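**Q** For reference, the chains in residue letters:
There are 2 protein chains.
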Amino acid sequence: MEEKIKGVNLGAWLVLEKWMTPRLFDRTPSTDEYYLAHDMDPAAYEEKIKTHRATFITEGDFVKIAAAGFNVVRIPVPHFIFGDREPFIGCIDELDRAFNWARAYGLKVLIDLHTAPYSQNAFDNGGISGVCKWAQHPEEVEFVLDVLTRLAERYKDDSALFGIEVLNEPLTPEMWDIIDPQDQFEPRDQELAEGSGPISFAFLYDFYQEAYDRLRKVLPSDKTIVFHDGFDLMAWEGFFKDRTFDNVMLDTHHYLVFNNEPDQENLEHYKAHLNQIGTQIEKVSQYVPVVTGEWCLFNQHIAQNQPNMTDDEVTSFYNELWGASVDAWNKGDGYFYWTYKLSIDTVNTPDRIGKDAWDVSRAIARGWAQV
Amino acid sequence: MEEKIKGVNLGAWLVLEKWMTPRLFDRTPSTDEYYLAHDMDPAAYEEKIKTHRATFITEGDFVKIAAAGFNVVRIPVPHFIFGDREPFIGCIDELDRAFNWARAYGLKVLIDLHTAPYSQNAFDNGGISGVCKWAQHPEEVEFVLDVLTRLAERYKDDSALFGIEVLNEPLTPEMWDIIDPQDQFEPRDQELAEGSGPISFAFLYDFYQEAYDRLRKVLPSDKTIVFHDGFDLMAWEGFFKDRTFDNVMLDTHHYLVFNNEPDQENLEHYKAHLNQIGTQIEKVSQYVPVVTGEWCLFNQHIAQNQPNMTDDEVTSFYNELWGASVDAWNKGDGYFYWTYKLSIDTVNTPDRIGKDAWDVSRAIARGWAQV
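As given, the protein sequences belong to chains A and B, one line each in that order.
For the first sequence, counting from 1, position 300 maps to 300 in full-length UniProt numbering; every step adds exactly one.
For the second sequence, counting from 1, position 272 maps to 272 in full-length UniProt numbering; every step adds exactly one.
Since the hints were made in silico from the structure, they are not lab data.
Here the structure is a predicted model, which is why all the values come from computation and not from measurement.
Please note: incorrect hints may appear among the correct ones.
Treat identical chains as interchangeable: a pair holds within one or across any two.
Claimed, not checked - Subject to a maximum C-alpha distance of 20 angstroms in a straight line, what follows is the list of computed DMTMM-like cross-link-like pairs (lysine to aspartate or glutamate):
no., residue 1, residue 2
1, Lys50, Asp26
2, Lys50, Asp39
3, Lys18, Asp189
4, Lys50, Asp345
I would like the entire structure built from these sequences, with the hints used as guidance.
**A** Given below as structure tokens:
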């Protein structure tokens, strides 16, 4: 695209995360989508998941996304999108409808394969908390490559297709140690989690090359193939300089996470941090286009101080943060906000105060963000 | 209120209408909420209805409604709101949450009792299509009065309570003959529908007086008690002049329905028609405050011609229609648009083209409406 990507993720629609739509997990012991599908009676599960999908994102949302000034939507999809992995229920019809909406309202779609069987990161959003063994199962690696190929075949001629991201957030070794996903996302089945570990760069390079080779054969050259950086933006110079790719992009995710260090939870530090990332993005952009595929305004400063701030102070803080963020992302090819909307209720569950900043539809309505 | 009511209905949230959220009726033979609850397995029904309620309207919608400039929401609620009419599932917790959202974002709430057992109008939105026998069942009239009293008791001290509308759209004799509801909304069970007929004005006057007497005892004087006009705005002069009421309001509904008469389906005719209603509203306002509790921009001219109109032409048409409508409603105390949002898909089901005008959230996003 000539202009920068001003994008938004349709999170919590076809891939669930309990913290984003907590009431969807009512009446179950489940904390992730894997167990939601396994814990529930199949008929009740079908009603829950299909009602959610039909209600959470509709044509009207595409109208509003376009009207807000966004130009691309990134749609996280699960590995079971084609409905061939029981007890999960497929959602390819939903994606078909979304492409029709995107075309009608002048938006492009980046399909983002967000989960893999046995997970690529052990996060709740990888589908199953605390488990990360996908890369150890060659048949599941092949399954993922096949899902990607089927998605490419299905939408290759659709004018609304921006591209396909081959896998969201594979967790690489250094970040595995820092994030410690099995501590944050405790496995429910220790036996299933046994043997979990990070995705090595060696594996990831091979997987990306293989995915590229298969998709590039199918996709016209104007469709972009996107690789996530595995949370290590500076680890890709050799990969891209040693190989020849046509129309690829590196996706990097940046949230304001500083483990509540008091001297870091303020606007000055956030801006300095964003500026630093912008410099990295600029550098990497010399050998591969870079998009910030996930970020948001949420930060601990507001979460902790909002009840004592005026509305104007909150708005001004977010406006500054938005500007500094977008400046950084525009050192590359642009951004996708995480996320378009979520059902978090800061009024009836006040421990969620501040988390509404993850919801760009509310951020826009409140004047916190201007696309 | 000092300023005019600039209101919006939260239709299709706690009271369902199949045409507004058609996919909610997938996998069932049901065409209304009565049969949805009776046709489905209870566990599956619970998942469907609770997922819909938790997803369709959330805190974020109250943020956006306030940001758009509305000042009151009218919330249609079913007679089974307290959960005492199996197999229906109550939704008083949802209404509690809505009051908390309204307070947080500076909105008022008009509670609108939208259905009665055996229905007051035989419409799909009365709960059971083709049946209208509520007024013939004294114990159900008493049940409704009791539900109203319980609602009043629950919210009487809530600063967000604007008032309570005692019953939506009771269908009076003349309009029964014109609308012919059993033709439009065919009864599924002929035996149950047997004996259905309109609500007489004599009954309605008595019912409104009784409801007023009970609610006025409970509600502080700043809370408004609202009566629907039974689709006959000019039939109420005697009622209000013969009696003394404290803080009541008459609700009148106006849609642009002209049975597709070609010479009537144009902007000039719509404006003349609205002007005429405005004159009536002005007249009736001399003896009772009048609010237009339901109306919308939908019209056959756009539904039939939109594919051949430019976006600018459509926008300009709707802008003129919006202005003429609000001018008419402001001859009284203001309006509530029907409705805030609906899930109709004009892209994937093109026979619905034009029906997106029922959705004021889309109308605002597209520049068709400016509150």
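**Q** Classify it for me, Lys50 with Asp345: is the Cα-Cα distance of at most 20 angstroms met within a copy, between copies, both or neither?
**A** Answer is between: at 16 angstroms across copies they meet the 20 angstroms cutoff, but 22 angstroms inside does not.
**Q** For the identical chains here, do Lys50 and Asp26 meet the 20 angstroms Cα criterion within one copy, between copies, both, or neither?
**A** Result: close both inside a copy and across copies, 16 angstroms intra and 9 angstroms inter.
**Q** How would you classify Lys50 and Asp39 at a CA-CA limit of 20 angstroms: within, between, both, or neither?
**A** Close inside one copy (16 angstroms) and across copies (18 angstroms); limit 20 angstroms.
**Q** Is it within, between, both or neither when you check Lys18 against Asp189 at 20 angstroms Cα-Cα?
**A** within (18 angstroms within a copy, 42 angstroms between copies)
Violated hints for the displayed structure: none, as all numbered hints are satisfied.
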